[in-house]
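Based on the sequences and whatever the hints tell you, model everything.
Next come the chains, spelled out residue by residue.
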Amino acid sequence: MTARTSLGPEAKLVDRTVLLVVPGVCLVLMLFLYPFLYGLALSFTGHEGFGLGNYARFFSTPFQSQTIATTLWISLPATLVNVGLALPIAFVTRQHRLQRILTTILVVPMTLGTVLIAEGLLIYLGPQGWLNRFLLITHLAASPVHLTHNYWGVFLSLVVSGFPFAYLLLLSYLTGIDPALPQAAATLGASAWRQFIHIYLPLLIPGLAIVFCLSFVQAFSVFPSAVLLGTPAGPTRVISIAAYQAAFEDYDYPMASAIAIIMAGAQLLVVMLVLTSRVLFYRGPSGGAKG
Amino acid sequence: MKKSEQRNYGERPSIFSVVPAELTNAIEGQKKSFAAQRHQAFRELRLQRVTRSFGNTIALNGLDLTIRSGEFIALLGPSGCGKSTALNCLAGLLPLTEGSISLDQQRIDQLPPERRGFGMVFQNYALFPHMTVRRNVGFGLLMRGIPRKEIRRRVDAALELVQLQAHAHKLPGRLSGGQQQRVAIARAIVIEPPVILMDEPLSNLDAKLRLEMRAEIKRIHRDLQRTTIYVTHDQDEALSLADRIVVLNDGRTLQIGSPEEIYAKPVSLQVARFMGYRNIFELTLERVEGDRAFLEGSGIQMEGVAQEGLSSRRAVIAVRPDDIVVDASANNVMDAATRNVILGQAEIVEYGGRDYLVDVSTESGLLFHARTPRRVAAGERLRLTIPTERVLVFSPE
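First to last, the sequence lines map onto chains A and B. The first sequence begins at 1 in my numbering and counts up by one. The second sequence begins at 292 in my numbering and counts up by one.
Some hints here could point you the wrong way.
Said to hold, decoys possible - Here are the in silico distance ranges between beta carbons for each label pair:
1) B/A506 / A/T175: 36 to 44 Å
2) B/R543 / A/L168: 40 to 48 Å
3) B/A506 / A/V108: 58 to 66 Å
4) B/S467 / A/F91: 30 to 38 Å
5) A/R100 / B/G353: 51 to 59 Å
6) B/G600 / A/L168: 58 to 66 Å
7) B/K509 / A/L269: 57 to 65 Å
8) B/H460 / A/T231: 18 to 26 Å
Everything labelled a hint here was simulated from the structure, so no lab data went into it. We put the beta carbon where it would ideally sit given N, CA and C, even for glycine.
What follows is the structure in structure tokens.
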């Protein structure tokens with residue numbers, strides 16, 4: 001930088017304004033990049049010295065490595081259900097006069113936080129909860145349905161907390177589509193269903209991909225509900241639990257760092273897959289080309 | 292219902308398919324076959340008391356109109372007059388609050404837009420941004436289940452009609468405004484609709500392109516003879532394109548007539564104002580003799596054509612700027628007392644290329660707008676003469 005300041009008055013001016021970003025860059029480096037790099041470096045250290053020992057240990061211990069599959073097995077279906085439910089519901093409610101009320105109702109679970117939702121679901125879905133009492137009274141079930149402390153408890157909590165997020169995001173993508181486009185399709189003979197297939201869906205693909213990625217990342221890092229509503233020692237031992245145990249039960253920080261890096265890698269892989277598949281579709285503006 | 296479906300979607304031979312392959316000039320063939328179709332389409336489109344309200348506001352109030360097949364109708368009015376509402380009601384995008392729309396004997400106002408099969412050109416074109424020009428134009432044919440080979444042939448012919456063959460594989464975002472406009476027109480006409488609806492299609496184009504596209508629309512209408520209903524707020528567009536003009540204001544129909552009628556004989560002061568009668572003054576009505584009215588006031592005496600409904604002692608004259616003859620004032624005392632002659636001073640002179648637009652103020656404080664090819668300087672003393680038959684006399688509003 002000092003070398004460039006000697007180039008002349010014009011270069012000096014440019015360099016001086018560039019200096020304004022220095023505090024911001026420092027903050028980012030300190031808060032994000034440093035811990036990341038520190039964790040990355042830490043993950044390569046261990047009893048045997050610097051190397052891939054922790055990673056080897058993770059992947060050679062089925063108890064640890066299967067947490068990736070466990071997490072995917074919960075988060076992928078939950079994400080698909082969230083996005084899959086959000087699309088038709090957002091589509092139907094986008095012009096409904098009750099949409100604002102519905103939106104408000106749906107925002108509430110997002111503001112409550114996962115722990116409170118987990119507690120609520122634990123009581124509601126539990127063996128003595130309202131749901132099971134209702135099922136028993138109406139004879140829809142002979143014995144209480146087990147929806148807590150197993151896979152379904154975690155799955156349902158991910159839907160309750162993840163659906164509003166997906167719905168609100170998709171709603172904003174949907175309302176961004178020029179209403180004249182489906183109208184034009186209608187005058188050209190397209191029924192409501194074909195308007196959806198030929199106009200809305202192709203224009204929504206980029207939005208759907210983003211919503212899917214964000215929902216997935218949220219679901220993949222599930223922790224509180226996996227502990228509270230699942231069986232953290234068994235079928236819902238997700239990867240974040242493995243990292244937690246490594247860090248705070250075994251005090252093996254290098255191993256915990258390695259698990260965190262593996263977790264990030266797995267997320268990145270899925271996100272990259274989804275985002276690169278967008279290339280196959282139209283990605284331009286969803287309005288009428290020029291005003 | 293079934294009948295109209297057949298009309299719109301039936302497997303009748305395509306106008307493009309009857310073009311003989313050996314015909315050297317394909318466009319000539321299209322013109323002929325399009326024109327041949329028009330009598331099969333329908334006889335008349337009848338709008339009866341078509342009304343549409345939004346809450347308590349009535350956007351369109353009892354529009355009565357019978358449109359003959361092949362006619363070019365312009366709905367003209369200021370923004371918010373209900374003209375776009377009328378068009379959306381016709382297309383089926385807005386349900387009617389009252390009234391009916393029928394194609395010959397067939398009520399169509401209950402049909403959804405996809406069952407009416409009217410072609411519509413939207414104000415912002417509403418081209419599908421994710422489809423190429425070819426797929427945009429072919430969309431309506433695809434929805435009708437027409438075989439792919441035939442879609443291809445008809446889209447090619449439609450693109451040729453609007454001279455866009457070279458751009459068939461582009462996305463709409465890569466086209467200029469005028470090209471997008473032409474895609475929108477091609478997309479609407481390729482489905483051979485009985486009626487084409489156009490919602491201010493030229494309002495997003497610059498002045499030069501607007502004139503070009505206006506001629507283009509006129510040419511396409513002449514060649515295809517498709518019934519067209521065209522919404523605009525631009526009186527020049529309406530006058531140059533339409534066979535008949537419907538003047539609307541506040542949802543009400545003010546006048547329906549040929550461009551000549553609307554231009555020369557507006558039925559009310561409101562229409563006159565909208566058609567460019569910019570000199571509007573309220574004077575004292577002296578007497579009416581036959582269709583002549585004699586007025587006086589503000590230091591001028593006028594004789595004009597009496598319109599219906601003159602009763603009170605007051606009346607309003609309406610004069611177009613280009614009907615005023617401008618001379619230099621000879622300071623003739625006689626002039627001041629002559630009917631239809633006004634003396635004044637040029638206040639503001641705007642150069643308009645072919646002529647000058649002059650604001651002339653009289654001693655009594657009236658401000659006349661006049662158009663003249665004569666070179667006028669600001670401050671110049673002028674004599675304005677208005678031919679009797681060009682002064683319209685209305686009763687005050």
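Checklist line | Structure versus earlier hints, numbers of those that do not hold, lowest first | finding: 5, 8
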